[in-house]
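Asker: Heads up: the protein sequence lines correspond to chains A and B, in order. Mapping the first sequence onto our numbering, position 32 (from 1) lands on 32, and the numbers just tick up by one. Mapping the second sequence onto our numbering, position 3 (from 1) lands on 3, and the numbers just tick up by one.
The set of hints was computed from the structure by calculation and includes no laboratory data. Careful: at least some of the hints might be erroneous.
[Stated by the list, open to error] Which residues of chain A face chain B? A partial, calculated answer using Cβ under 7 Å:
(1) G27
(2) G30
(3) L112
(4) V115
(5) G117
(6) R129
(7) T163
(8) F164
(9) T167
(10) L174
(11) Q175
(12) D178
(13) G187
(14) T194
[Said to hold, decoys possible] Computed list of chain A residues with no C-beta within reach of chain B, every gap over 10 Å:
(15) L33
(16) L64
(17) A101
(18) D151
[Unchecked claim] Chain B stretches covered by chain A per the calculated footprint, using a threshold of three residues with CB under 8 Å from any CB of chain A:
(19) 108-114
(20) 160-169
(21) 175-184
We treat Cβ as the ideally placed atom computed from N, Cα and C, and that holds for glycine.
There are 2 protein chains.
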Amino acid sequence: MAVRGRPRGFDRDAALAKAMQLFWAKGYEGVQLAELTAAVGINPPSFYAAVQSKEAIHREALDLYPATAGDGSMAALRDTPGTTTDAVHAMLLASVEVALASPSAGGCMDSLGLVNGQDQNAALRDDLRALRRTTATLIRDRLERGVREADLPADIDAERVATFCATVMQGLSLQAQDGASRDMLIGVVETAMTALDI
Amino acid sequence: MAVRGRPRGFDRDAALAKAMQLFWAKGYEGVQLAELTAAVGINPPSFYAAVQSKEAIHREALDLYPATAGDGSMAALRDTPGTTTDAVHAMLLASVEVALASPSAGGCMDSLGLVNGQDQNAALRDDLRALRRTTATLIRDRLERGVREADLPADIDAERVATFCATVMQGLSLQAQDGASRDMLIGVVETAMTALDI
DNA sequence: TGAGATATGTAATTTCGACTACATATTCAC
DNA sequence: GTGAATATGTAGTCGAAATTACATATCTCA
Chain A
1 MAVRGRPRGF
11 DRDAALAKAM
21 QLFWAKGYEG
31 VQLAELTAAV
41 GINPPSFYAA
51 VQSKEAIHRE
61 ALDLYPATAG
71 DGSMAALRDT
81 PGTTTDAVHA
91 MLLASVEVAL
101 ASPSAGGCMD
111 SLGLVNGQDQ
121 NAALRDDLRA
131 LRRTTATLIR
141 DRLERGVREA
151 DLPADIDAER
161 VATFCATVMQ
171 GLSLQAQDGA
181 SRDMLIGVVE
191 TAMTALDI
Chain B
1 MAVRGRPRGF
11 DRDAALAKAM
21 QLFWAKGYEG
31 VQLAELTAAV
41 GINPPSFYAA
51 VQSKEAIHRE
61 ALDLYPATAG
71 DGSMAALRDT
81 PGTTTDAVHA
91 MLLASVEVAL
101 ASPSAGGCMD
111 SLGLVNGQDQ
121 NAALRDDLRA
131 LRRTTATLIR
141 DRLERGVREA
151 DLPADIDAER
161 VATFCATVMQ
171 GLSLQAQDGA
181 SRDMLIGVVE
191 TAMTALDI
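Please model the entire structure based on the sequences and the hints provided.
Answerer: Following this line, the structure appears as structure tokens:
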């Protein structure tokens, strides 16, 4: 059962990837649809034939982000063997790479995609906040696992340490935007790790 | 030599203070001029008779910010007696209060006022970046003073530690936006301080 | 008191950016 | 080949937000 009508003249997945790059580089409100369609090489009607709205494709980009470039830090947290401390260290180092991997060195898409924008985009801003809270929760879960496995002292405050890690990761995104070098960001991570010698 | 013509019907300083509150709460692009004029109780022409543009009053607000509410952290860094560590600790605790003092619990105005906005506001975004770099420089200066006064070990990397502090402070702003409580933010500061037991 | 100067209110204007109407083009099913 | 279905390009529309035109109001100075 092949599709009827005229076939789409561009690669939707490639367009989405391009959109993600743009949103990552410039934030939601920093990207104009005209810019996006120009980057893909299409006209607005072709875009709207394939996507419901700017907001809709941004949501798709948010889903694509961890599935590709943006998953570095959570993947490191999840997959790094060894101690919990090793995993947290790898996570922070990975978040440095994510921040620098932005097409504009603009930090993490979830952290900076929409910070203080227009009221009309409040829903998206709240979604990003929820994503960030989820990240903090994943970190806390990993720390609590470390406690259960006697890898960390039983008396640590997992939520506090997780919030500290999230704070540093978000700060790293802004530092990347401010032009900090990879070496400097890695130095920040190493300094942060000394706070985790619990 | 009194002023000629009809006198202004509103208090310009009060209007500026209101504008600062709004910009602090919602960011540059999150505030509409209509909202600002409504909050002040005037109409747009009265605003434009007293101020050149939205961008101009935002610049004034950026100047007013440290002169009033926003100066907490730098004042603490500057004025806290005792050790350098005491000063840094006070600075971080003050930045928690600044972040929570925002009319919307929205973090520091310099950190979050315009993160990933429209291309047309690139100049303002760059100004904010410069302000943040200045903050990091002030911290580094204080640390270097600590080294000179033998208050800190001679071999610390002042720039790295200063960048760490700036990273945490900026992260605290985002955490405040994400709804972290004062207790949690203070916990983050205490955790960060353990990284500074150099 | 009147002339000059500045402020205000009403109601635009202007610009920009997301989104779309519509005519045309390309494909599939039969 | 014809018709149904979907895509594309041109050229808009539509709404939102900063900014302003202009008539009027209120003040100082002579």
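Asker: None of the hints should be skipped; say for each whether it holds.
Answerer: Status of the hints after comparison with the structure:
1. G27: 2 Å, holds
2. G30: Constraint on A:G30 satisfied, holds at 5 Å.
3. L112: 5 Å, holds
4. V115: Nearest chain B Cβ about 4 Å off; hint holds.
5. G117: 6 Å, holds
6. R129: Hint holds; A:R129 Cβ to chain B Cβ min 5 Å, cut 7 Å.
7. T163: 5 Å, holds
8. F164: Check passed: Cβ of A:F164 comes within 4 Å of chain B, closer than 7 Å.
9. T167: This hint holds: A:T167 lies near chain B, its Cβ roughly 3 Å from the closest one there, short of 7 Å.
10. L174: 4 Å, holds
11. Q175: At 5 Å from the nearest chain B Cβ, A:Q175 passes the 7 Å test, so the hint holds.
12. D178: 5 Å, holds
13. G187: Since chain B brings a Cβ to about 4 Å from A:G187, closer than 7 Å, the hint holds.
14. T194: 5 Å, holds
15. L33: 13 Å, holds
16. L64: 18 Å, holds
17. A101: 16 Å, holds
18. D151: 18 Å, holds
19. 108-114: Holds, because 4 residues of the segment 108-114 of chain B bring their Cβ atoms closer than 8 Å to Cβ atoms of chain A.
20. 160-169: Our answer is that it holds, as 8 residues pass the Cβ test (under 8 Å) against chain A, meeting three.
21. 175-184: Answer holds; 6 residues pass the 8 Å Cβ test.
The structure is consistent with each of the numbered hints, conforming to all of them.
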